[in-house]
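**Student:** These are the residues of each chain, in order.
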Amino acid sequence: MSGINANSVRASFDRMSESNTKPAEASFDRMSGNSPLPDPSTAPLILIGHPGNERTEGMRLARRAAGLSEPVVVPYMRLLSGVPLGEAAREAGLPAGTVPVIRLDAPGEHFGAERALIALGSPEQDDGDELLPLRERRDPYRMPERQALALEERPIRLMHPSQWFRGFCRLLARIRSEAAESWPTASFWNDPAEVAVMFDKRACHRRLTEAGVRVPDLLAEPETLSSYEAVREAMLNRRMHRVFLKLAFGSAASGVIAYQINPRTGAERATTTLDAEVYIQRPGIFYNSKQVRTLDDPVKIRTLIGYLCGHGVHAERWIPKVSLDGSPLDLRQLVAFGEAGHSVIRAGETPITNLHLRSRRLSLAQSGLPQSSLTAATREALAAMRTFPGSVSAGIDVLTDRNTGSPYVVDVNPFGDLLRRVQVNGDDPYAWQMRRWLGISKRGAGMIQGG
Amino acid sequence: MTEIKLSIGYDEYEAGQQMDQKLEELANTPEAAQLSKLVIGDWGGTYENSSEHIVETLVRLKDRFPALRSLFIGDMDSEECEVSWIMQSDLNPLFAAFPDLQSLTIKGSTDLALGQVEHAKLEELIIICGGLPSEVLASVAQAKLPALRKLELYIGVENYGFNGNLEYILAVAKPGLFPKLVYLGLKNSELQDEIAAALAQSDILDQLETLDLSEGTLTDTGAEALLASEKIRRLQALDLHHHFMSEAMTRKVAELLPQADVSDREETDKYNGEEYRYPALTE
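Note that the protein sequences, when read in sequence, are chains A and B. Residue 204 in this note's numbering is what sits at position 204 of the first sequence, and the numbering runs on without skipping anything. Residue 40 in this note's numbering is what sits at position 40 of the second sequence, and the numbering runs on without skipping anything.
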């Protein structure tokens with residue numbers, strides 16, 4: 001389906017990801033059908049995140065409401081300052097002699113962490129990049145550690161996405177090995193190796209494709225998309241004239257371009273929030289503007305696509321989405337412990353529906369989507385989650401093809417459980433996940449060798 | 001009263017499906033005889049294949065759709081094809097082929113032509129596009145459509161095919177041209193103020209129930225002209241949504257012209273001392 005030499009690339013990738021699943025995985029009991037995690041009423045929860053933010057507080061309140069112990073909050077910044085996980089957890093109040101469950105939350109929306117992760121991705125910290133998917137690729141340039149540490153906050157600017165992701169994967173590897181060292185039988189809420197794959201849209205698309213989950217056709221293997229010219233050539237050769245180009249490790253609408261070329265007139269058009277200031281003497285500055293703009297100037301478009309290609313681009317067919325009153329829709333579905341929970345339908349004013357600023361949120365009923373489409377979308381989200389057996393939850397973005405009604409999984413967000421103002425049986429997403437966890441543990445205990 | 005929409009998705013198109021085949025299949029069903037509304041969506045590679053073969057096929061199959069009263073050619077949005085990339089064609093043969101047609105909607109204006117329009121029963125003509133060519137405006141201005149009740153034209157911008165001027169636009173709004181006209185939409189224009197000012201004092205308003213100046217770049221200037229008109233006040237409905245009026249003017253219009261829709265107020269973009277306003281459908 002996606003090119004003849006795709007298999008060899010995939011095969012080599014497979015070997016790579018296989019080597020990614022090491023110690024911490026072994027402790028999971030996946031086959032029993034029970035919770036992959038120990039009983040929440042006895043196991044403390046380490047929450048790696050940013051203290052006091054909405055996610056951390058959401059989890060804290062949910063545990064309190066469920067009668068569970070307070071989460072042991074280990075700040076990303078503490079780990080990034082070099083303190084080992086075991087020590088940071090003890091400092092944060094982890095009772096001695098306990099074996100924790102470790103939950104990683106989003107590292108983003110925190111400039112200090114962003115800067116430290118870019119520094120961790122620097123050449124000075126090179127360590128083999130065990131968990132980095134597609135690690136044969138080079139970053140467009142390497143930023144020395146000192147320069148990274150001197151970065152100053154520029155709110156909407158993209159600093160160095162590929163080096164940031166390299167650094168994030170290094171931190172994931174460190175967390176995994178430090179956890180295994182401190183608590184050989186500790187479990188992860190979401191396996192760090194799987195978090196890395198989910199986060200990398202190229203690797204995630206491959207994993208989902210191999211598992212038979214419906215995803216939009218790949219334009220071309222990411223290794224071949226080295227430039228604007230390569231993207232266009234692939235589009236013309238494959239007769240795939242409308243594509244979504246995504247920064248491989250962007251979140252939400254960051255670094256997304258809806259791109260189309262007209263094979264008859266040669267015209268092209270890019271719809272995006274990505275923007276650039278280009279200089280002759282020094283590298284350009286790239287940022288996500290507040291507005292979605294439509295560009296048809298090839299020079300500008302080439303700059304933006306070239307930037308994505310440099311850092312790593314995932315390119316897939318633009319599926320014409322079901323729309324309501326002219327607003328294309330997509331679905332964010334939370335899945336946890338094998339069950340679909342909260343969901344939100346987003347209606348965009350532009351093709352880029354996951355843009356926070358300009359999307360309306362609808363309930364399933366408001367969307368007018370037929371039940372069959374919703375059921376199919378949920379089923380596909382569950383299938384996507386099953387391709388990550390070492391992980392408990394993710395927010396999965398699904399869109400529905402307006403022509404065929406078929407669902408397509410377009411994103412698996414390992415930290416996608418922050419869904420505001422939606423409830424399931426009166427529970428917010430965090431409370432619902434704690435309830436699921438408790439329920440499954442009880443059921444598992446009651447079933448005795450059932451499985 | 002039955003309605004059918006036909007469209008060809010990417011997979012079908014790449015697998016060789018053609019809209020003429022789908023039309024042929026439809027014509028062979030028993031429902032064809034009762035079909036009153038036909039909507040043609042994306043006909044597959046709409047940016048590289050024009051609607052010409054659809055017109056030919058419809059004309060060839062005209063006798064199989066005796067109940068057809070409403071036809072839409074090009075119902076698709078930017079999830080399928082940018083409106084300015086939709087390849088239309090000369091739709092003139094449709095008027096003679098379907099003498100009982102009451103409503104025709106066209107989306108996309110690239111290569112669109114209407115020719116000499118003459119139709120005794122057509123009540124609605126709607127053209128949705130990013131820029132209407134002056135040749136099409138001229139066709140409408142010279143059309144013989146004695147039954148026309150609703151005319152809705154997206155005027156659009158130069159970048160997407162509008163190459164006329166205010167005179168071309170106003171030529172379709174000549175009093176008496178369409179004696180039964182009650183709904184006039186001259187919208188989605190960057191000349192919205194000028195259109196508003198010209199129509200505000202025109203005798204065409206005497207026959208209208210609805211004036212639709214929506215989705216364009218209407219500012220306080222155009223709004224003042226509307227407020228100053230006795231005739232405007234007598235309209236049943238005035239559609240101004242998607243406009244660039246100030247907040248104060250928006251309130252004033254809402255108060256003085258309660259029949260006006262003033263929703264979707266847009267902010268003017270300012271860049272390097274220049275002001276930019278865009279109609280809604282310009283992509």
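Hints were generated in silico from the structure; no laboratory data involved. The C-beta atom is built at its ideal place from N, Cα and C for all residues, glycine as well. Hints may contain errors.
What the hints assert, rightly or not - With a straight-line cut-off of 25 Å between C-alpha atoms, the simulated SDA-like cross-links for lysine to any residue are: (1) A/K300 to B/A280; (2) B/K144 to B/S134; (3) B/K270 to A/E277; (4) B/K144 to B/L94; (5) B/K252 to B/K144; (6) B/K5 to A/G405.
Stated by the list, open to error - Computed, partial: chain B to chain A, Cβ under 8 Å: (7) T2; (8) G9; (9) S78; (10) E80.
**Student:** Would you mind marking each hint as holding or not holding in the structure?
**Tutor:** Do the hints match the structure? See the list:
The hinted pair formed by A/K300 and B/A280 meets the criterion: a straight-line CA distance of about 23 Å does not exceed 25 Å. Annotation: proposed proximity of B/K144 to B/S134 holds, straight-line Cα distance about 18 Å (limit 25 Å). A hinted pair counts as satisfied when its Cα atoms are at most 25 Å apart, and B/K270 with A/E277 qualifies at roughly 18 Å. For the hint linking B/K144 to B/L94, the alpha-carbon distance of about 15 Å falls within 25 Å, and the restraint holds.
Only pairs whose Cα atoms come within 25 Å are accepted, and B/K252 paired with B/K144 is rejected, the gap being roughly 39 Å. Restraint check: the Cα-Cα separation between B/K5 and A/G405 comes to about 15 Å, which is no more than 25 Å; the hinted pair holds. The restraint placing B/T2 at the interface with chain A is violated, with a minimum CB-CB distance near 20 Å, outside the 8 Å limit. Taking 8 Å as the C-beta contact cut-off toward chain A, the hint placing B/G9 at the interface holds, the least distance being around 3 Å.
With 8 Å as the threshold, the beta carbon of B/S78 comes within range of chain A, its nearest partner Cβ sitting at about 7 Å, so the hint holds. Among the interface hints, the one on B/E80 holds; its C-beta lies about 5 Å from the nearest C-beta in chain A, closer than the 8 Å criterion.
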